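For this one, chain C is given, so just place chain A on it according to the hints.
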Amino acid sequence: MNKRISCLLAIGCFVLCSRSWAELVVEITKGQAEAIPIAIVPFSSPEAAAASFDVAQLVGNDLARSGRFKTTDRKDMIEQPHTGAGISFDDWRRLNNDYIVVGQVQPTGPDRYQITFELYNVLTRQRLLGYQFSASKQGLRTASHQVADMVFEKILGIRGAFATRIAYIAVLGSLPHRDYRLIVSDADGENPHVVMQSNEPLMSPAWSPDGQSLAYVSFENRLPSVYVQQLRTGERHRVSDHAGVNQAPAWSPDGRKLALTLSTRDGNLDVYVMDLATQALTRITDDPGIDTEPQWSKDGQSLYFTSDRAGGPQIYKVGIQSGDKPRRLTFEGSYNARPRISPDESQLAFVTQEDGAYRIATMDLRGRGDVQVLTKGRFDVSPSYAPNGAEIIYASRDRGRGVLALVSADGRVQERLVSSEGELQEPAWAPF
Amino acid sequence: MREYLREHGWAVVLSVLLHGLLVGSLVFAALISAHRTPPSVQPLPIDAVVVSSQVLHASQAARERAEQEAAAKAAQDAKAAQDAKAAEDAKAAEEAKAVQDAKAAAEAKQAADTKAEEAAADAAKAAAAEQQKAKQARQAAEADLAEQAKREADANAAAAKAAEVKKAAEAKQAAEEKRIADAKHAADERARADREAELRRQLADEEHRSAVESGPMRDSYIAKLRNKIQNAWIKPPSASVGLDCLVAVTQIPGGEVTSARVTQCNGDAAARQSIENAVYRASPLPEPPDPALFERNFVFRFHPDE
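Protein chains in written order, with the numbering used here: chain C, 24 to 455; chain A, 1076 to 1381.
One chain only, chain C, in its complex shape:
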């Protein structure tokens, strides 16, 4: 009897105890590229309402435009809490929200507002953010972009770039009376300011690393010259007006030099580096083909550029020390031009030709050099990285009109930027 029981016990224990060895583990190897559902509850504020400024609306627009979030429609909100204590998590979860932002805008003085907001994870009920800051009425827009930045960063782990700016060229009218404008706006295209206006072409705006100045090409004297303009004061200097071509300026990471394309007397284009203090030139490339569109490496020791030395345009990289031999980076396709590097230099964006169309592509600079074509348009050109590297802004065409568009650096998300009037060209995203 006892023997039988102990035998049973032994077997039982073996079977039951061994259960823990075979714990159920389910492997997850795929995920969705879906947008994350988030509710941005209107911020309470009779004053702000009177000022017709809706912080929550702006935050929601930013997050939605990134393509990584989908915001809950206000008419679907059962309640509109303004603090975390008022959130009924079960209700918000039933409405399929993963996150919720609540907040308030309160006037604290003449032209002074205090913004308070909190971010909660609806699924875990965790409070992820809680901030309070003040702004003038004019600063409410920037403050709202900053709220969106913080929410974006907390959830995605990437610094938000909503409170940054972009520069671009708008072309209005038609020949022979064209109006060219250099415009700086918020990253969402709102709040545009004309920085420079001309009846002759304006081209190639480039941000200084400190975000205080723009370099660009102007044909205001009928021939192309490179100018540097301070945004705050409007003060501008012509820094290059050599005979022939002066184009494609690019600031060095330390802000002391410009790389640009100049031409020799016989019309051959090469890349030079100019010391901004002395305007002394250093020739970087010397090839009978066209070498242009230089872009600095992160360490300021090399330049990426476009060259047709091998036939069609391809992207090369060369050290700025004399005697360095350019190295070709792109081999796929017959047309790869206009290189731009991501802020961490892990990726190169450029224009490639595919099926007769121009599209934005990226190349992995750290791994095996994998190329991914991100866009599907017919004429997608002039890529420029957001300072967080998450998105690329570029120029595209929509029903024959030049517009600005965004694509996430991984190609998952594409968005059209609200376009102001005119043909929009050559967007350049400002640093943080």
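Read the hints as simulated data drawn from the structure, not as lab findings. For clarity, every value in this text was computed on a predicted model and none was experimentally measured. For each residue, glycine too, the CB sits at the ideal point set by N, CA and C. A couple of the hints might just be wrong.
With the Cβ distance kept under 8 Å, some of the chain A side facing chain C (calculated, not the full set) [claimed, not checked]:
#, residue
1, Lys-1310
2, Pro-1311
3, Glu-1351
4, Val-1374
Chain A in isolation, oriented as in the chain C frame:
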């Protein structure tokens, strides 16, 4: 007289000792009775029951009467004790006198010895008187002895009775212990049987379970779980090839997730949060095709291949 003493000295000594003992015990008894505790005057413990005032009044009167009676009885008892003590004292005095008389007689005899010329009749008479007195003393001593013997016998009897009671109690306890032991044994047996039955049942369940687990049903269940989680997981930009995270999940029957906690993870905070959210978003988890496949706790391993 000296001869007499030689012959009967032990009796005289014994008599003296016994009388001393008797006197001592009487004094002791008197002392004890004097220290007897008085009747209790402590109030009765309160029993909180609601009663009418008449009842309370009647019971109060009864209690007072009882107390009076008790006091009277106590007084009576005290008087009786006092009387007994007086009697005993008198008796003790008498006996002490007897001893004294005996002593006086002895002295007289000694005096007679010293006066050799005393008359034989007187001597005989004195001797007779002496004998008579000695006899009386012996009788008293014998009576005392008898009393002592009786007391001892009584004590023995009481001891015997106590032993008997003790024995009976021991027997009763032994019987009780045996009964408890028997009951425990029976309970153990039952428990053992229950355990065996339970083990058999579990083994049967396990057999069923392992049969199910090694079969296609388990694969189908895992596939369902995987699909639901993969559909619920919104990958953040940092979640790419190389990410490897384990999340410990607790569900209740019906599939509702009660806890999802990333245990090991080489990703950033955004990746961890996206993983925990995926599990909560997938709640309720699919139900297993066979209840035997239900696991309260299990692990999802997130390691994207793209």
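Now the hints, each set against the structure:
Annotation: Lys-1310/A was flagged as interfacial toward chain C, and the flag holds, the nearest CB pair being 3 Å apart, inside 8 Å. A distance limit of 8 Å between C-beta atoms decides the matter here; for Pro-1311/A the minimum to chain C is near 5 Å, and the interface restraint holds. A cut of 8 Å between beta carbons decides the hint on Glu-1351/A: the least distance to chain C is about 6 Å, and the hint holds. Given the 8 Å rule on beta carbons, the hint for Val-1374/A holds: about 5 Å separates it from the nearest Cβ of chain C.
Checked against the numbered hints above, the structure violates none of them.
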